[in-house]
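Asks: Here's the letter readout for the chains.
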Amino acid sequence: MTTTVERPAEIVPRQPASAGREGWVRRAPLLPALIFTIIVTQLPFMFTIYYSLQSWNLVRPGGPQFVGLDNYVKVFTDSAFRGVAVNTVVLTAGAVLISMVLGLAFALLLDRQFRGRGFVRTLLITPFLITPVAAALLWKTVLFDPTYGLINFVLSPFGVGQTDWISTFPLTSVMVALIWQWTPFMMLLTLAGLQSQPHDVLEAARVDGAGSFAIFREVTLPHLRRFIELGIVLGAIYLVNTFDAIYMMTQGGPGTASANLPFYIYQRAFLGFDVGQSAAMGVVVVIATIIVSTFALRLIFRSFQTEEG
Amino acid sequence: MADVVFDHASRVYTVGAKPAVNRLDLEIAEGEFVVLVGPSGSGKSTALRMLAGLEEIDDGEIRIGGRNMVGVPSRDRDIAMVFQNYALYPNKTVGDNMAFPLKMRGVDKATQQEKVRAAADILGLTDYLDRKPKALSGGQRQRVAMGRAIVREPQVFLMDEPLSNLDAKMRVSTRTEIAAMQRRLGVTTVYVTHDQVEAMTMGDRVALLADGKLQQFATPSELYDKPANAFVAGFIGSPAMNLFTLPVSAEGVRMGSSELRLPREVLSRIGGHERVTLGIRPEQWAVADGVGGHGSSSGVKAQVDVVEELGSDAYLYAHLDDEAQTAVVVRTAGRSGAHRGDQIVLTPTSEELHLFDADSGDRL
Amino acid sequence: MAAPTTERPASTSETRELAPAHRGNRAGPALLTVLTWILGIGFFFPILWMVLSAFKKETDAYTSPPTLFFTPTLEQFQTVFSSGIGPYLLNSLFATVMSTVFVLLFAVPAAYAVSLRPVKKTQDVLFFFISTKMLPVVAAIVPIYVVVNNIGMLDNIWTLVVLYTAMNLPIAVWMMRSFFQEVPKELLEAASMDGASLWRSMREVVLPVVSPGIAATSLICVIFAWNEFFFAVNLTAATAATVPVFLVGFITSEGLYFAKLCAAATMCALPVVIAGWIAQNKLVQGLSFGAVK
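Quick note, the sequences are listed as chains L, A and W, same order.
Residue numbers for the first sequence follow full-length UniProt numbering, so the first one is 1 and each next one is one higher.
Residue numbers for the second sequence follow full-length UniProt numbering, so the first one is 1 and each next one is one higher.
Residue numbers for the third sequence follow full-length UniProt numbering, so the first one is 1 and each next one is one higher.
Certain hints may be false.
Unchecked claim - In silico EDC-like cross-links for lysine to aspartate or glutamate, where the CA-CA straight-line distance does not exceed 20 Å:
#1 A/Lys301 x A/Glu259
#2 A/Lys134 x W/Glu75
#3 W/Lys282 x L/Asp70
#4 W/Lys57 x W/Glu75
#5 A/Lys103 x W/Glu182
Derived from the structure by calculation, the hints contain no laboratory data.
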């Protein structure tokens, strides 16, 4: 309408003369990191796919031989693989959820003014910092040892004798150790969430007559939601790859009762020397991870969007 | 020192979108202090940033000292800028902050020291040269930012709302200091603010922008006395000018139940219009008690809603007795004795009424 | 707009006064404090016990019920040293320091590119970096092993340096990006106005401002590199093995010598625990890829 009268010709943004060059100058600092990451993290997966189509066992004579999808057929008919896959889901989901609940509880306790708060926080985060191998060793010997372990000592008044926790409940024992290591991370994350809550909103809720519990449910929990989501996603990313704890505590045993996919694939590759088969498992795991992480990425993406919005 | 020319300078962020700055034309003389003022989103900051080289010039030109600045990077424009949040380098001392532009231009250490000392002297920062910006008050930081600009002796000073982070009192005193310093140094200065009081008190000339377009570029008094359009009239002056869009009658304009007579000379200017926008400043009213009969036939009746006593004078916020209960602001002497609910009669005192085209808003 | 910060402290102190008053009973908060302390100590206790046991004689360590009072001895640490932890410590140190240096060399420019002067598709590049952390390492270990073996880099510490660099790079890019984003844009604009070139404004203005962020990022990379076990156990043997591998080997060679194991585990974990304590405020920022500030 009137705009056409005011602007007889449209003003077009002027491209700076050096646009192309400028673009590359801006991109250049990114390239080393990008190229390095692609070479070191992406190329191996290409090889994995290639190997997964070969029959190749390092201890058997002869080089790799193309066998098509044979390895995949074996993977899906391998009942141990299915059991291990279930273990992986149970271990990851259990450890993530329980450590999130505990972490949230600790965070709420720490989000108050009291004497020695910084010190207690430092104590609580330490399990996360301990080298996982040392932590697993600690649980295996100091805590779970049937004769000399602290757990049996603490429980002895309740008539728990010399239970060998690790051989009786191998998967649960590993999970307990992982929960101990990961609760601090969840706590730090939710604590950061709690402390980023604007004070005026809490004050407004209080003035509006909300009690402590109502404030937590109506104001705090919705605010914490994306911190909790982030904790679950990140915890899952790391915990799916759990290797050290199983290696140290149970060696996946008895049988494959406490093995997860990383450990099982490791066994096949480095103890069974079956390159083709372990590569096929690797591909299956990657595909499963991609499916799960597409959802996970979407969650994270939302967190970053609101962060920047 | 140099003159600055905006010649049809425009900025669009995306093709087809409304330009942030739309064909701006300004000719700023050497040594002049020009204030760009306008509401938020008016394009005043964008215009300044185009001059600074921080935004592209998409159409037209900007010339400093006759040299076209299109495509010239900031660092080659020989200008200095004071940012709203001062943008002091947090890890450098006050002295190093002020010396930085000299250092970047390869000035030798001794000269750097000398110039920083001289600037610090003017700004009263001599005792703070070794401190970090964190250890300074808001007002002191503002001075450091000024200092960093003046040591360079640039061709043009640019200031982007430099007072908006100061408290009210500080703002008033710093305002005078900046204006005085600019006059003494004689450096061409372009100053952006959204505060019309700053604009009116500091600038030799004021450019009022709205919607990316220049509304008026004139001296402060001209802006006040002869606003080019209804927008300028409403923006400059506090409380704002009363603007009424009214039907034109035989001898003047109809205002509520009464008629406001206009001088013949004025009537001839609005001839042919059915409706005009009439502007009357709050101080251009005479107030009479409206209870005891009709004193003046040319007055309009109103009822007082709120009285603001400021000591030296008072503002009456009232509404007319027309259908729309149009709001009106009146400035009277202090302790006027008016109260909420009082019936009053208002008569324009000045012959200098502002009349604008009811559609385009242009001055008639 | 004039002075937005001046009233903040007053309102926060008010909340603190309000909170206990609202809850009414005075015993509640005190009980919660005691509970928090008990949980904190309980959570930490296994670590404390490990450290204490490291100073025990083997006879004091292996007892039931556990011994609380004992004469401390450095005997176990001496045993650990004499069994040759030295080279492993050096390997860990080398792999950790070198990989962290490389991570910074790659991540700082990359983070700069994606934050201060964003290019198109920045978001895509950032999510590519994160997605590499989502793919399970185990799926790549076979080809990595084969390639490393073929180029004769098995049991070579540089192999670990390269892999640890790749492992930590995504976290570092995200974390450094969040630090760069905290640099006010005006600072760079002021520098360019003051006549600084891109390189000089980077060196003189940006880097000093983000240096605490660089320190925090380095600490997190140090923690992960030092603690890494999977690559180390699969790709190294006698010459390039790191401390976690030593610890595993120590168990098999020493059997269940409780106190000695505790001493070895303590030495293995200690450097990183201290680094983590120092970086605890920044830990979340790194581990959440910069999503939580």
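Asks: Decide, hint by hint, whether the structure agrees.
Replies: Do the hints match the structure? See the list:
no., hint, verdict
1, A/Lys301 x A/Glu259, "holds (11 Å)"
2, A/Lys134 x W/Glu75, "violated (52 Å)"
3, W/Lys282 x L/Asp70, "violated (48 Å)"
4, W/Lys57 x W/Glu75, "holds (7 Å)"
5, A/Lys103 x W/Glu182, "violated (26 Å)"
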